[in-house]
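Spelled out from the first residue to the last, the chains are:
There are 2 protein chains.
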Amino acid sequence: MMSENELTMKDLIEIVDQKLDEYMIVQTPEDLFKSMRYTVLLPGKRLRPVMCLETCRMLGGDFEKAIPTACAIEMLHAQTLIHDDLPCMDNDDYRRGQKSNHKVFGEAVAVLAGDALLTFAPQIILTKSKDLTAEYKLKVLNEYHQYAGAYGVIAGQVIDIESENGKISGETKDVLKYIHLHKTSDLFKLSIRTGAIIAGASDEQIEVLTEFAEKLGLAFQIADDVLDEISTFEALGKTPGKDKNAGKLTYVSLFGIENSKCKLTCLFDECYDIMNAHELKSQIFTDIIEGIKKRVKI
Amino acid sequence: MMSENELTMKDLIEIVDQKLDEYMIVQTPEDLFKSMRYTVLLPGKRLRPVMCLETCRMLGGDFEKAIPTACAIEMLHAQTLIHDDLPCMDNDDYRRGQKSNHKVFGEAVAVLAGDALLTFAPQIILTKSKDLTAEYKLKVLNEYHQYAGAYGVIAGQVIDIESENGKISGETKDVLKYIHLHKTSDLFKLSIRTGAIIAGASDEQIEVLTEFAEKLGLAFQIADDVLDEISTFEALGKTPGKDKNAGKLTYVSLFGIENSKCKLTCLFDECYDIMNAHELKSQIFTDIIEGIKKRVKI
Numbered sequence: 372m373m374s375e376n377e378l379t380m381k382d383l384i385e386i387v388d389q390k391l392d393e394y395m396i397v398q399t400p401e402d403l404f405k406s407m408r409y410t411v412l413l414p415g416k417r418l419r420p421v422m423c424l425e426t427c428r429m430l431g432g433d434f435e436k437a438i439p440t441a442c443a444i445e446m447l448h449a450q451t452l453i454h455d456d457l458p459c460m461d462n463d464d465y466r467r468g469q470k471s472n473h474k475v476f477g478e479a480v481a482v483l484a485g486d487a488l489l490t491f492a493p494q495i496i497l498t499k500s501k502d503l504t505a506e507y508k509l510k511v512l513n514e515y516h517q518y519a520g521a522y523g524v525i526a527g528q529v530i531d532i533e534s535e536n537g538k539i540s541g542e543t544k545d546v547l548k549y550i551h552l553h554k555t556s557d558l559f560k561l562s563i564r565t566g567a568i569i570a571g572a573s574d575e576q577i578e579v580l581t582e583f584a585e586k587l588g589l590a591f592q593i594a595d596d597v598l599d600e601i602s603t604f605e606a607l608g609k610t611p612g613k614d615k616n617a618g619k620l621t622y623v624s625l626f627g628i629e630n631s632k633c634k635l636t637c638l639f640d641e642c643y644d645i646m647n648a649h650e651l652k653s654q655i656f657t658d659i660i661e662g663i664k665k666r667v668k669i
Numbered sequence: 372m373m374s375e376n377e378l379t380m381k382d383l384i385e386i387v388d389q390k391l392d393e394y395m396i397v398q399t400p401e402d403l404f405k406s407m408r409y410t411v412l413l414p415g416k417r418l419r420p421v422m423c424l425e426t427c428r429m430l431g432g433d434f435e436k437a438i439p440t441a442c443a444i445e446m447l448h449a450q451t452l453i454h455d456d457l458p459c460m461d462n463d464d465y466r467r468g469q470k471s472n473h474k475v476f477g478e479a480v481a482v483l484a485g486d487a488l489l490t491f492a493p494q495i496i497l498t499k500s501k502d503l504t505a506e507y508k509l510k511v512l513n514e515y516h517q518y519a520g521a522y523g524v525i526a527g528q529v530i531d532i533e534s535e536n537g538k539i540s541g542e543t544k545d546v547l548k549y550i551h552l553h554k555t556s557d558l559f560k561l562s563i564r565t566g567a568i569i570a571g572a573s574d575e576q577i578e579v580l581t582e583f584a585e586k587l588g589l590a591f592q593i594a595d596d597v598l599d600e601i602s603t604f605e606a607l608g609k610t611p612g613k614d615k616n617a618g619k620l621t622y623v624s625l626f627g628i629e630n631s632k633c634k635l636t637c638l639f640d641e642c643y644d645i646m647n648a649h650e651l652k653s654q655i656f657t658d659i660i661e662g663i664k665k666r667v668k669i
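Just so you know, the sequences run in chain order A and B.
Per my numbering: the first sequence = residues 372 to 669.
Per my numbering: the second sequence = residues 372 to 669.
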């Protein structure tokens, strides 16, 4: 393997893809594992595992120790996609340009494949992280359960679904922020915090990076909302304009395209400020931010 | 608390119910936690957590150390009930005499409450097992993920669903055994194995108890199939005859009532043989077995 200093985003994506392919080997029952594998291996930017590995590397840690955790986070992300796409949830037929999981394997298997990924992912952390001590494994698992569950991603998804059904308690903009913080930022926090923990970061460093992850996650979600308005099926890999047509609460529906782009610029500036203030140097995080800016044309 | 030697099944059920009530406190988002709490706290026999605690006690361990794990297993069990009852799965409107989760909270919240329980349960093991060392927590979590996931309960559920849709590969009786081993015995194994691990049991003891759990689980599932045929809604807490009407593959549909009762008697005898051969003394396990025998009239 090449020197860590030379690793690009493409290199990290390749490492993640290769390991995911290895971890997601089809076992018995075949349909279950095929369904799990199908969504986990859909072509993607592997943003969350890359952020986990890059955070570890950026803080001077051995990023290879973080590979099982990084892959587990991508599996968890795939789980949220499978269940979000179900007819009783967002009812999406396409994901990353391919048919969504339940359109290929049926609803029952899709529900069960999501369930299975929720326990398979931490099992990967438990059984494949051979370089982590018991204490570190427990720390990482604690993060996983905190951000994956009822206090994290799922909290965001419940409030999102309820807001779609017109059940909003509190100021609309606060509800929207709650949804974004949990649905999107929490997986960014999980990725970046576990990468930092595995690198042996101090509590103070972890705090700073949590703030960074929160802002990056909010920006990513706003960018996603903007793209849903201005993009095509080909560029998006899923049906565009769906949120708008469903009357869904999004940053764009609430504040308009121009204000959303303005907010995005602000959030990215704040991300760079944090990196500069704490001497966090990472070409890959810079590439991630600049990549999003380019896609939404700011 | 009274001396452990005097503890009855009723005492253990009370301990579990009280702790579940405490762990399942309603937090934000309220609907999510209410939905999780609803199914976990449905009145029940708490068979799995009781088996976990009783195994620990029977082997000379401090059963209080096993309380978080025992409760986590009941949460996991509730998760399987919530998702099994969904319209795309078994489509059951009632569970334990009450409306099933999605009939009260809607399908979307029911899916998410199940998901949340899958991460909430191990989080309880992680954060509430203050008397377990890091090594022991990891051992217990490893069991949890092994039996809860794609290698365990979910494997059984997938094959069960497929068999309902007429997709059976292999001999019918082998498929049925596979379903029972995973859908039912795996949670019994998880309960009994974790109780044994927390008691500090030897690998040999754990092996013996795994065999015991497998037989008890198979017996329990056959009894459930028999009751589905001979019982009423009031006694069952769910719609009886449903499996039969759905043309579902069950022990009774394959071998008939009399052969099923015969198999049950055999399995219980084997359970007692294991207990006697290894000097495992437990009034509570005896009560569990005799209770089932009484219900199915053997």
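Be aware that a few hints might be false.
You can't tell identical chains apart in this list, so a pair holds if it fits in one copy or across any two.
To be verified - Derived BS3-like pairs: lysine-lysine, alpha-carbon spacing no greater than 27 Å straight-line:
id, residue 1, residue 2
1, Lys619, Lys474
2, Lys405, Lys544
3, Lys510, Lys390
4, Lys501, Lys586
5, Lys436, Lys510
6, Lys474, Lys381
7, Lys499, Lys632
8, Lys613, Lys634
9, Lys619, Lys405
10, Lys499, Lys510
11, Lys470, Lys538
12, Lys538, Lys664
13, Lys548, Lys499
14, Lys405, Lys538
15, Lys619, Lys652
16, Lys510, Lys652
17, Lys668, Lys538
The hints are simulated quantities; they were obtained by calculation from the structure and are not laboratory data.
Keep in mind it's a predicted model, so treat the numbers as computed, not measured.
Each hint, compared with the structure:
For the homomeric pair Lys619 and Lys474, the shortest alpha-carbon distances inside one copy (23 Å) and between copies (24 Å) are both at most 27 Å. In the homo-oligomer, the alpha carbons of Lys405 and Lys544 lie at most 27 Å apart only across protomers (25 Å), although the nearest pairing inside one protomer, at 40 Å, exceeds that limit. Taking CA atoms no more than 27 Å apart as the test, Lys510 paired with Lys390 passes in both settings, with 22 Å inside one copy and 24 Å between copies. In this assembly of identical chains, the alpha carbons of Lys501 and Lys586 never lie at most 27 Å apart, being 32 Å within a copy and 34 Å across copies at closest.
Taking the closest pair of Cα atoms, Lys436 and Lys510 come within 27 Å of each other both inside a single copy (14 Å) and across two copies (21 Å). Taking the shortest alpha-carbon separations for Lys474 and Lys381, neither the intra-copy value of 30 Å nor the inter-copy value of 47 Å comes in at or below 27 Å. With identical chains, the CA atoms of Lys499 and Lys632 are never at most 27 Å apart, being 41 Å at best within one copy and 44 Å at best between copies. Proximity of Lys613 and Lys634 under a CA criterion of 27 Å is satisfied intra-copy only: 22 Å inside one chain copy versus 55 Å between copies.
Only between protomers do Lys619 and Lys405 lie at most 27 Å apart by alpha-carbon distance; the minimum there is 25 Å, versus 32 Å within a single protomer. Taking the shortest Cα distances, Lys499 and Lys510 sit within 27 Å of each other both inside one copy (15 Å) and across copies (14 Å). In this assembly of identical chains, Lys470 and Lys538 lie within 27 Å of each other by CA distance solely across copies; the values are 23 Å between and 30 Å within a copy. Proximity of Lys538 to Lys664 under the C-alpha cut-off of 27 Å is found in neither arrangement, the shortest distances being 33 Å within a copy and 49 Å between copies.
Taking the shortest Cα distances, Lys548 and Lys499 never come within 27 Å of each other, neither inside one copy (35 Å) nor across copies (31 Å). Taking identical chains as interchangeable, the C-alpha atoms of Lys405 and Lys538 lie at most 27 Å apart only when they sit on different chains, with a minimum of 16 Å there against 37 Å within one chain. Taking CA atoms no more than 27 Å apart as the test, Lys619 paired with Lys652 passes in neither setting, with 37 Å inside one copy and 60 Å between copies. Taking the closest pair of Cα atoms, Lys510 and Lys652 come within 27 Å of each other only inside a single copy of the chain (25 Å); across copies the shortest separation is 38 Å, beyond that limit.
Neither within a single protomer nor between protomers do Lys668 and Lys538 lie at most 27 Å apart by alpha-carbon distance, with minima of 34 Å and 50 Å respectively.
The structure does not agree with the numbered hints 4, 6, 7, 12, 13, 15 and 17 stated previously, though it agrees with the rest.
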